[in-house]
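Chain by chain, the residues:
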Amino acid sequence: MSKNTEFVKFDKVDKSYDGKILVVKDLNLNISEGEFITMLGPSGSGKTTCLMMLAGFETPTNGEIFLDKNPISNIPPHKRGIGMVFQNYALFPHMTVYENLAFPLKVRKIQKDEIDKKVDKALSMVSLSGFESRMPAQLSGGQQQRVAVARALVFDPAVVLMDEPLGALDKNLRESMQYEIKHIHENIGVTVVYVTHDQGEALTMSNRIAVFNDGKVQQLSSPDKLYEEPVNSFVAEFIGENNTFGGEVTDISKDVCKVKLQNGEILANPISVKSKGDKTTVSIRPERALINPIDKMDNNQTGKIEEVIYHGDHTRLRLDLLGNKEFILKVPNSSNELDLKLGNQIKVGWNSQDARALDPK
Amino acid sequence: MSSETKQILTTDGIPLEISLKKAERKNKIKAFLLVAPLLLFLIITYIFPIGEMFTRSIDDKMITNMLPKTFKSMETWDGKELPTEEVFASFLSDFKILVDKKEHGKLAQRLNKEKNGFNTITKKLFRQVKRNKIDETQSIKEQIMKVHKRWRNVEYWQAIKRTAPPYTSAKYLKAMDMYLNEDNKITQVSEDRRIHRILWLRTVEVAFFVTVFCFLMGYPIAHLLATLPMKYSNLLMICVLLPFWTSLLVRTASWMILLQQQGVVNDFFVMIGLVSDDNRPEMMYNKVGTYVAMTQILLPFMVLPLYSVMKTISPSLMRAGKSLGGTPFVAFWKVYFPLTIPGIGAGCLLVFILAIGYYITPALVGGASGTLISNQIAYHMKTTLDWSFASAMGLMLLGGVLVIYWLYNKLVGVDNIKLG
Chain A
15 MSKNTEFVKF DKVDKSYDGK ILVVKDLNLN ISEGEFITML GPSGSGKTTC LMMLAGFETP
75 TNGEIFLDKN PISNIPPHKR GIGMVFQNYA LFPHMTVYEN LAFPLKVRKI QKDEIDKKVD
135 KALSMVSLSG FESRMPAQLS GGQQQRVAVA RALVFDPAVV LMDEPLGALD KNLRESMQYE
195 IKHIHENIGV TVVYVTHDQG EALTMSNRIA VFNDGKVQQL SSPDKLYEEP VNSFVAEFIG
255 ENNTFGGEVT DISKDVCKVK LQNGEILANP ISVKSKGDKT TVSIRPERAL INPIDKMDNN
315 QTGKIEEVIY HGDHTRLRLD LLGNKEFILK VPNSSNELDL KLGNQIKVGW NSQDARALDP
375 K
Chain B
9 MSSETKQILT TDGIPLEISL KKAERKNKIK AFLLVAPLLL FLIITYIFPI GEMFTRSIDD
69 KMITNMLPKT FKSMETWDGK ELPTEEVFAS FLSDFKILVD KKEHGKLAQR LNKEKNGFNT
129 ITKKLFRQVK RNKIDETQSI KEQIMKVHKR WRNVEYWQAI KRTAPPYTSA KYLKAMDMYL
189 NEDNKITQVS EDRRIHRILW LRTVEVAFFV TVFCFLMGYP IAHLLATLPM KYSNLLMICV
249 LLPFWTSLLV RTASWMILLQ QQGVVNDFFV MIGLVSDDNR PEMMYNKVGT YVAMTQILLP
309 FMVLPLYSVM KTISPSLMRA GKSLGGTPFV AFWKVYFPLT IPGIGAGCLL VFILAIGYYI
369 TPALVGGASG TLISNQIAYH MKTTLDWSFA SAMGLMLLGG VLVIYWLYNK LVGVDNIKLG
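As you go down the protein sequences, you meet chains A and B in turn.
Everything in the first sequence is counted per our numbering, starting at 15 for the first residue and increasing by one.
Everything in the second sequence is counted per our numbering, starting at 9 for the first residue and increasing by one.
Looking at chain A on its own, in the form it has when it is part of the complex (with noise of 0.2 Å):
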């Protein structure tokens, strides 16, 4: 079976609430049959309205959206057949767990025998057989979560939308849901588009992130390739830590460039940059910059350790390097003896391949 590339497609979607401001500008997005899309970046990029207008909440002011090749902005939301899990679940607080699952089949007319077959697989899937009679508010934040992911894969949507589902529940609790519903996805093959804030949840469970700031996807790829490979600086500083320096790029070639900073010069690898003079803000992944290298690499510097923060698997630190006092290095604590104390001088060099002179800031 060929999967549908592009089973939702966003065509050059346009919302504006009150005729001024933009809050998703010239949105192009395409997504695939049995999908898990993420739709990441700080509150007000417009990840939340783009969310709204698939489920049919709020229209398009230009464009359209396309579901399985089908324009949907003319079809309400109770006709897209498309689950959503809301931010507060949403869940019916007058109707135990058992009607609360029923209500999406009983509203498409299932029999009474069926109903109770699929509302009886869909609790077994997020292991809450047995809750059936309880009401909502007799349950756990994480028990009433996963009764409304369940209600939302009852009925066999196409599409399952999420809203920041995992926002109200603490970092453990959080952390096994986001397991639970990554396997649910793999398990069904449903196609998934989530939003959130955390960058962290991002990653851990999407196929595809999709980062959104000022209206506008930034970027949209894999996990691995927005944090090794993010394509401008608000990518590179959203998502996870970044060490950054700003600077003018001096000499470039094909694949590394001299940019000088305000005391002294680095190399690094031109990703948005193209010619000298350029200014640009080179940025490094803390993990990829190594103490006292044993390895050649081609950027070779010398720091002061301004604070040292024990974080248990692991040792920061930050340096006063090259003028940026925020540098950060994070040391495993399984590493040899390193003598860190504060005010010491260490060498520092990373590769110029995982320093990416981006746009400037």
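Some hints could be false.
[What the hints assert, rightly or not] If you want the footprint, here are the derived chain A segments under chain B, 3+ residues with CB under 8 Å:
| hint | stretch |
| --- | --- |
| 1 | 94 to 104 |
| 2 | 281 to 290 |
[What the hints assert, rightly or not] Result set (BS3-like, lysine-lysine): computed pairs, CA atoms no more than 30 Å apart in a straight line:
| hint | chain 1 | residue 1 | chain 2 | residue 2 |
| --- | --- | --- | --- | --- |
| 3 | A | K39 | B | K239 |
| 4 | B | K342 | A | K126 |
| 5 | A | K93 | A | K39 |
| 6 | A | K120 | B | K239 |
[Said to hold, decoys possible] Among chain A residues calculated to face chain B with C-beta under 7 Å, some are:
| hint | residue |
| --- | --- |
| 7 | A69 |
| 8 | F71 |
| 9 | P91 |
| 10 | H108 |
Keep in mind the hints are simulated off the structure, nothing from the lab.
Bear in mind the structure is a predicted one, so any value in this text is a computation, not a measurement.
Positions of the beta carbon are idealized from the N, C-alpha and C atoms, including for glycine.
Since chain A is already given, all that's left is putting chain B on it; use the hints.
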């Protein structure tokens, strides 16, 4: 086992329960002192007057105190034939005391209420007593019987005996258009004199329909209030509350201006050609006026509880209903509406209870066919001065409200009420 039944002690060896009580006592006293003024206020202004109303409505002690000896001697009388000499003698001695105190008129009045004709014969007896015509050495029975032939009629003595108990249910029966006849049986008054039952029914009917109208109009308003953005909803809220801040009398008077036959509404109807000028409909001094004015006045009492409940219903619930495949109507009926029931209950109960005791509005715009039981109560308070009858009706109204409250509790549950 013994370790389980053993008292738990504090570290100082005092039983835990006693220690706890001691520790809590101060707080309890403080709490009581805080509510004490209100409690006192309630007792003085609410519970005590209701108790007073109740005793007044069943009180019949006046005549019991007027004829103590008579009733004492009547205890052995079977009430079939004329009473014995002893009864007549004690009646005369009671009567003489009343004449000395100049209270015989009151007695005549009270007895006349029990049976027509007492007025005349009491007056005659009074004249005889005044002129000292009754010789106590002779048979008193014979002499009294000579005063007027009615004194020889056993029915009049039976009527006196009926007034003996210090309490009476007569006022309550009267409010239901019934009375106790000579045989102590509850009887209905003749058909053309039944007015109270119509008034009770009309009161319940008006209160019911006013509640229904308020609900039908208040629900959408409350929904709009709860869903509109802040700046519009505040304005709408002021529109809802504005009549609330206007004096009841002013509002009712403005309805009179609007609804009278030469009023604004009728003028408008004539202007748009809905009715002809010489055939203006009567919208006031009848039930229509009562309905319109009371619905408008009581509307905020429906809107506010509904609003406070609707405000707490997350808009995502309706969205969830729709996204799960429910049409907007199904989502409303299955999801939104059941969640507003606590507000509906509170609003309806509030409006109904207020409407059932409404007084000024029906008095001003109700006319003859639009007056309610409270107007009747006021009439007996102010005009006939039959306070015990007014008290009886007031208490029946109170009892009715309590019954409705109890029914509501049985059907919906009072815990489900949400006033705000």
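Hint check results:
Check result for the stretch 94 to 104 of chain A against chain B: holds, 9 residues qualifying (beta carbon to beta carbon below 8 Å, three or more required). Residues of the stretch 281 to 290 of chain A lying with their CB closer than 8 Å to a CB of chain B number 0, which falls below the three-residue condition for coverage. A threshold of 30 Å between alpha carbons decides the hint, and for K39/A with K239/B the separation of about 28 Å falls inside it, so the pair holds. At most 30 Å may separate the alpha-carbon atoms for a hinted pair to count; K342/B and K126/A meet this at roughly 18 Å.
Simply put, K93/A and K39/A have alpha-carbon atoms about 27 Å apart, close enough for the 30 Å limit, and the pair holds. Using a Cα cut-off of 30 Å, the hinted pair K120/A and K239/B is violated, with the two alpha carbons roughly 39 Å apart. Contact between A69/A and chain B, as hinted, is supported at the beta carbon level, the nearest pair being about 6 Å apart and thus within 7 Å. Annotation: F71/A was flagged as interfacial toward chain B, and the flag holds, the nearest CB pair being 6 Å apart, inside 7 Å.
The interface hint given for P91/A is met, as the beta carbon of that residue sits about 4 Å from the closest beta carbon of chain B, less than 7 Å. Using the Cβ-Cβ criterion of 7 Å, the hint placing H108/A at the interface with chain B is satisfied: the shortest such distance is roughly 5 Å.
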